[in-house]
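**Q** Same order as they appear, the protein sequences are chains E and D. Numbering of the first sequence is given in this note's numbering, commencing with residue 1 and proceeding in unit increments. Numbering of the second sequence is given in this note's numbering, commencing with residue 1 and proceeding in unit increments.
Everything labelled a hint here was simulated from the structure, so no lab data went into it. Predicted, not measured: the structure shown is a model, and the values here were computed from it. No residue lacks a Cβ here, since even glycine has one placed at the ideal position from N, Cα and C. What you were told as hints is all true, and nothing was included just to trick you.
For the chain D half of the interface with chain E, some residues (derived, Cβ under 7 Å), not all of them:
#1 L599
#2 L601
#3 V657
#4 G661
#5 V663
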Amino acid sequence: MNRYVTFTIGDDLYGVDVLRVQEALRAHARTRVPLAPPGIAGVVNLRGQVVVTVDLRPRLGLPALAQDAEPMMVVVQVDGEPVSLLVDEIGDVLDVPVDDVGAPPETLDPDLRPLIRSACTLEDRLLLVLDVDEAASAA
Amino acid sequence: MEDIDEIVREFLVESYENLDQLDRDLVELEENPGDRPLLSSVFRTIHTIKGTSGFLAFSRLERVTHAGENLLVELRDGRRQMDQVTTDVLLRTVDTVRLLLDAIERTGGEGDVDVDVVVEAIVAVQEGRTAAAPAAAAAPAAAEPAAEASPAEAVARAVETATDVPHPREAPSDETAAQVAATVAAPTAGAVATPDKAPTIKQIAKRVPTTPAAPPADGPGAGDVTPVLPTPHVDPAAQRAADEALEAAAVQALATAALADLSSGHEYTPTMAPAAAPLEEVGTLRGASESSVRIDVELLDRLMRQVGELVLVRNRLTRLAAESQDVDLTRSAQQLNLIASELQDGVMRTRMQPIENVWAKMPRVVRDLAATCGREVRLELVGGETELDRSLLEAVKDPLTHLVRNAVDHGIEPPAERVAAGKPSHGTLELRAFHAGGQVVVEVRDDGRGIDPQKVAESAVRKGLRTPEQVASLGQAEMLGLLFLPGFSTAAAVTNVSGRGVGMDVVRTRIEAVGGTVDVESTVGVGTSWRLRIPLTLAIMPSLSVECDGDVYAVPQVHVLELVALDERAEQAVEHVHDAPVYRLRGELLPLVPLREVLGLSDGEPAGSRPGVIVVVQADDNRFGLLVDRVLATEEIVVTPLAAQLKSVSTYAGTTVLGDGRVALILDMQSIAREAMPREHEHASVGHASTVVEETHETEQLLVARIGEGRLVAMPLAGVARLEHVRSEEVETVGDREVVQYRGSILPLARVDSLVGATPEDRDELLLVVYERGSRSAALVVEDIVDIVEDHAEHSDIDAAGLVGSTVVHGRVTELLDLRAALLAADHDFESDELLEGAA
Chain E
1 MNRYVTFTIG DDLYGVDVLR VQEALRAHAR TRVPLAPPGI AGVVNLRGQV VVTVDLRPRL
61 GLPALAQDAE PMMVVVQVDG EPVSLLVDEI GDVLDVPVDD VGAPPETLDP DLRPLIRSAC
121 TLEDRLLLVL DVDEAASAA
Chain D
1 MEDIDEIVRE FLVESYENLD QLDRDLVELE ENPGDRPLLS SVFRTIHTIK GTSGFLAFSR
61 LERVTHAGEN LLVELRDGRR QMDQVTTDVL LRTVDTVRLL LDAIERTGGE GDVDVDVVVE
121 AIVAVQEGRT AAAPAAAAAP AAAEPAAEAS PAEAVARAVE TATDVPHPRE APSDETAAQV
181 AATVAAPTAG AVATPDKAPT IKQIAKRVPT TPAAPPADGP GAGDVTPVLP TPHVDPAAQR
241 AADEALEAAA VQALATAALA DLSSGHEYTP TMAPAAAPLE EVGTLRGASE SSVRIDVELL
301 DRLMRQVGEL VLVRNRLTRL AAESQDVDLT RSAQQLNLIA SELQDGVMRT RMQPIENVWA
361 KMPRVVRDLA ATCGREVRLE LVGGETELDR SLLEAVKDPL THLVRNAVDH GIEPPAERVA
421 AGKPSHGTLE LRAFHAGGQV VVEVRDDGRG IDPQKVAESA VRKGLRTPEQ VASLGQAEML
481 GLLFLPGFST AAAVTNVSGR GVGMDVVRTR IEAVGGTVDV ESTVGVGTSW RLRIPLTLAI
541 MPSLSVECDG DVYAVPQVHV LELVALDERA EQAVEHVHDA PVYRLRGELL PLVPLREVLG
601 LSDGEPAGSR PGVIVVVQAD DNRFGLLVDR VLATEEIVVT PLAAQLKSVS TYAGTTVLGD
661 GRVALILDMQ SIAREAMPRE HEHASVGHAS TVVEETHETE QLLVARIGEG RLVAMPLAGV
721 ARLEHVRSEE VETVGDREVV QYRGSILPLA RVDSLVGATP EDRDELLLVV YERGSRSAAL
781 VVEDIVDIVE DHAEHSDIDA AGLVGSTVVH GRVTELLDLR AALLAADHDF ESDELLEGAA
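Modelling step: build the complete structure from the supplied sequences, incorporating the hints.
**A** Here is the structure:
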């Protein structure tokens, strides 16, 4: 069994390893960082700690979020430091049998291959499992 | 096994600290041989290391410390005077111990460190005593005349002659013999005495350890009860006291009593004696360990973060309490408020350490170096208790050491040279630390030969770091600033001490890396003073919060010189030299850097078109104006490092949470300066040069412009009102003259190309240099503004149309425009006597 925290970005359902997730909460007001790489949506004050916020949308081929949009954020741990991922909606925590976890489709854009680790076939839809380190790097 | 490692690790940490202290103590002891607490401290350190190394079975470490200890015991018993030879060998012992500790730290064993050499050296020093014995033998004889005056001369002589005086230095002097009799402290003897007789007894007892009854080899035993170091000076009063002592009737008996005591002490074996020392020292050691604990810095950082969170929770609670009207809740919230603040303060302070910790090594460094270079140096340390964040302390250690070495090697002259210059033969090197304006200032000041700015400048030119022209326009301070250029070294000859070409630039880089600054002042023949300004802590710094395009940014206050408001009421407006915005600040041209452009947020509007504030900043060699929308406040900010994803953006030095909970980015001014001003040095020199103009009235600033055929033409900057771009189709003709309409008036033009006979290039856009005189304006058309320079070179007269001569600018021949003729060509009525007098 693999356990994932799921969320939606655009029309797709994504998941990250539950063990890497610190918390999920309503997004805080972001301070934009001019000159930063495009995936960086700004920095937020998470209980006194300054946390980088990553918007995965540009990478997934979607238009970037507006500066004043108020999505949710999933805070993941990368090398002991929290990084916040901006998502549209938080879903359930899902247990996926190992058999249902497959390689991402061959047709997947090569640029996205490092980001999407596997694809799980759920009953009604597809769950794309993100590589947390890759997602947080905002490369 | 892990336990053992833990013990070894603790042993290493503790020993390293002790060794630093030891270096300092030994050097101080050499200067004050009579300082008993110092000697005890030295003895204690060596003894502790010896004891622990025995326990941990580091046999070589034990052997070398044991040998060192033996020598110290002689010192402690007063059988040996601290002299240079002794100090040298003791310092060598310390070095060997350090080598051994290094080896243990690296490999877990003692490696191949050779201790025999040092042990032999110590023994040699100890045996040097026998070589000096003939001199000592003279002592009793010399002492006799002194004792003759005493009524109790028989007793005195008995004691004196029995005395095997172990102080060869003192032997020739009969006063010394009296002094021997006059020195301090013999607890055992004192114990049998009545209080009023105590001084007497002490004096007698003093002689006792030197009698055959207590042979020198057994000194340690006696030494532990008779801890005496003779003071080097002779005290006549002491001699009188000695005489009186001998008159005392009980003298004989008491002396015997003391002798008896010491004779029993004599039964201790020499190795037993040091073992007795811990008994007395255990108390102090335990005291130290109870009053302080070692804490992992990691833990402190975590505490600090948690306190930060606590403060935020407190803020929220305070707000809630204010809304609830509940008196009890409000009171509790206020209490929490207070406690949280104090806690924050306390945690902050745990990271602070006195700068003394870094200075500890300096006396040793100075001593060794002074000896090597043949200098006499007195080191003065002032303000060692000044505290600074631990991490910063580490960062300034090497730069400080470098400055100190430099001062001894290059700053302070050899004694002969000093005397010839009418100075005392020994130089003074002063290290001073103090708090000033939220920073710690550390000064390294010597009274040596000083640095000649001219020589620095020549050297910079010789090394190809600067051209003669660049250097010629520099002031004294700027010339000294060249010392900080990479690859610069002032040493006339490369010595093995310093002057390897890695020098001040490294010092500056290191200091600036922690947000500090370094500058130098020097007067030839009087001395040099290096001043480091270091922030109190890396974690907290004073900053100026500014607004730009709706966001708040923090500018480290250390860089901020002044603020200039830029609005409709401002007398001066932003001007443009070519594309670069500048502001005239008290006669100096200040290059402007709009923050909007730095951050890539520019909307294309020219700088200065909207109200704003110029934050005048100094970073590296650059002085420039950072143009922001608003200045909000000055506040102390807690710096958090930049997240990994943002490290590639060099514009920011970190982030911080502001008082209202917003996150602000901290601007890295050095990086911004480098990005914005690639030609930093020219800009810097222009800024300074103009002040020189005001002082001397000997040089003037020139605007260098490019015209057709790539020629350069210089014209006086004085009188230039502004620079304008116009499209070529805007140029109209009035009679035989060209004009443009400008702000509702007519501006006559003259093309410099045609004035000096150059072939003009076809251009869509013209650049106008507008001169103003009273109500009249005239403009000269050029292609491009190249630079603003200081006119210092000799002019050569040339006979060419429109020119008054030529000069050399940055190594290029540049023609000097005949401004008067040029302006009259544009406007026959341009009355500009004053302007032209100044310019031509």
